[in-house]
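Q: Letter by letter, the chains look like this.
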Amino acid sequence: MKIAVLGNVTLDFFAQDFRRAGHAVYLASGFDAWRQEALDANSGLHSFAPEAVMFVMEGEDAKEGTSLLAARLPGARVVAPDVAALARETSGFWDERMRQLAAMPFSLRAIKAIEDEFFFLLDGAPKKVLALDADGTLWNGIISEDGADAVEPYVDFQRGALALRERGVLLVLLSKNDPPAPDAPITQAFAREDMPLSLEDFSDVRVDWRPKAGNLLAACRSLNLGVDSVVFIDDNPFERAQMKAHLPRVAVPPFPDDPAHSAQFLRRLDAAYFSSVGATEEDRARAAMYRAEGERRDLAATSATLDDYLESLKLTCRAARATEADVPRLAQMAGKTNQFNATTIRRGEDEMRALVNDPSRRVWTFRVNDAFGEMGLVCYVIADPREGRITDFVMSCRAMGRTIEWFALNHVRRELAREGSLLREIDFAPTAKNGPFREFLFRVDFSHVGDWPTHVKMWGCAGTVPVEPKPST
Amino acid sequence: MDDFLEFAAGVLGVQRGTLTPQTEYGSLAEWDSVMHLRLVMETEARYGTSIPLAAVPQLRKLADFAPYINPKDNS
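As they're listed, the protein sequences go chains W and G. Numbered by this note's numbering, the letters in the first sequence go through residues 6 to 478 in order. Numbered by this note's numbering, the letters in the second sequence go through residues 2 to 76 in order.
No lab work stands behind these hints: they were computed from the structure. A few of these clues could be false.
[As the list claims (entries may be wrong)] Not the full set, but computed from the structure, chain G residues with beta-carbon under 7 Å of chain W:
1) V35
2) L38
3) M42
4) A46
5) L54
[Said to hold, decoys possible] Some chain G residues close to chain W (C-beta under 10 Å, calculated; not the full set):
6) V15
7) R17
8) E25
9) L29
10) A30
11) S34
12) M36
13) E43
14) G49
15) V57
16) P58
17) D65
18) P68
[As the list claims (entries may be wrong)] Taking lysine to any residue pairs in the SDA-like style, the calculated list, with each CA pair at most 20 Å apart, reads:
19) W:K319 to G:K62
20) W:K117 to G:F8
21) G:K62 to W:K117
22) W:K319 to W:D263
If you're wondering where the values come from, they're calculated on a predicted model, not measured in any experiment. We treat Cβ as the ideally placed atom computed from N, Cα and C, and that holds for glycine.
Could you build the full structure based on these sequences and the hints that come with them?
A: What follows is the structure in structure tokens.
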């Protein structure tokens, strides 16, 4: 795409990024250069004939300039990311050093946020569906960890979603949680009186542990709409990236770092995507027509790109033997983690410290970082090498879906083998909440003995395991 | 430092082999003043450090970044 980058700050950083992404870029530098170039019909800007203009104004209203540029460049879409709003929604937005050194006050995070906002607004075709995550998006907290009663609803955000529904926007719920049985946390959470949204407000509810892209496709089929009519909102950058990678035609705007701004964020979404909802029936017909072809492409993309996608995440998983310094975090995980937890044994700091220092036991920690940043210690495994037995296997729900568990399992197998031991058993105690760990065990090439699915030990370890993250070297 | 050179090559968009600890700011077409500041910010993000304003002009060679790179646990 031919993009002109204009504004009142140094813009070279944006130009660099766009060029690297394969766009042709025109950069107007110098004080008020954008105005002069817009007014001069023989300027470089007019010769360049941009298809899109990114107009970045810091500390000034961009409205007048946007109108001028739009009038002078009728062949271009002029988009002015709202710098002040993004600054409120993005932590670490300003970098005063850069203001002094480069006449550009933005941090790397800010640059990324402005670029994301630009492409998000540029793609602001009318949409009909708002697909919403639950934990961290509709409320503060994780219902399967904290309990349905303990989470705090984002009331303004939910009311905003409800208002969109009343105007005809279809709401879809996409949540990784146990399915909505009568006693399930998701059902209980939406039944709360202080929760503005109820489950019945959603035209389609997909709550399970499967990837959200596949669930969204299924929801779109049942609603008879194409995925290109969907805006997907999720506080988790991993889920957003996964959705973008698998269903590139779904609009996936960035979510504010501080959920206090999420209601305001929803209003901006409304202006960008839903302002024409209900205006024409043609929109609906067109979406249905494109659906079949589009979904085939999406499905192909979904199955073909998972490995590439994990590769592109630059996921690194670092294994280490636990030390005393890890004890508080290990005890915290033991106390809080329910979903990917083999036995849900709640070990306190003293017990954890004893295990870390016990020469007959092994405690491994797994730290992860990816393209989104450092996640820290998100998984640990405790084993008894003499018995070839894993007694504890715990991973934070934040880290699920990245195949880290396979890396951890393989690491433990290798380390035990190095000591002359063979991994033979994994202790497992099913609970109402550790379904994700049970699903993992089903995929491990173990055969099991005992009264499955009550407390069992699994025996025999052979064969290969699926894709695992590459360890860093 | 090897890890940093590889990282810097990625930021600058050059082949890993073109960089040594003695490679200087301005010696490569790709390493201009804007890219220099990007390298500073990317280094901070990658290594979790903060480079003070006053120190930025002192960063002339890649080796000068050494105090700010603290490789993460790779065990």
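Q: Which earlier hints can't be squared with this structure?
A: 6, 7, 8, 9, 10, 17, 18, 19, 21 and 22
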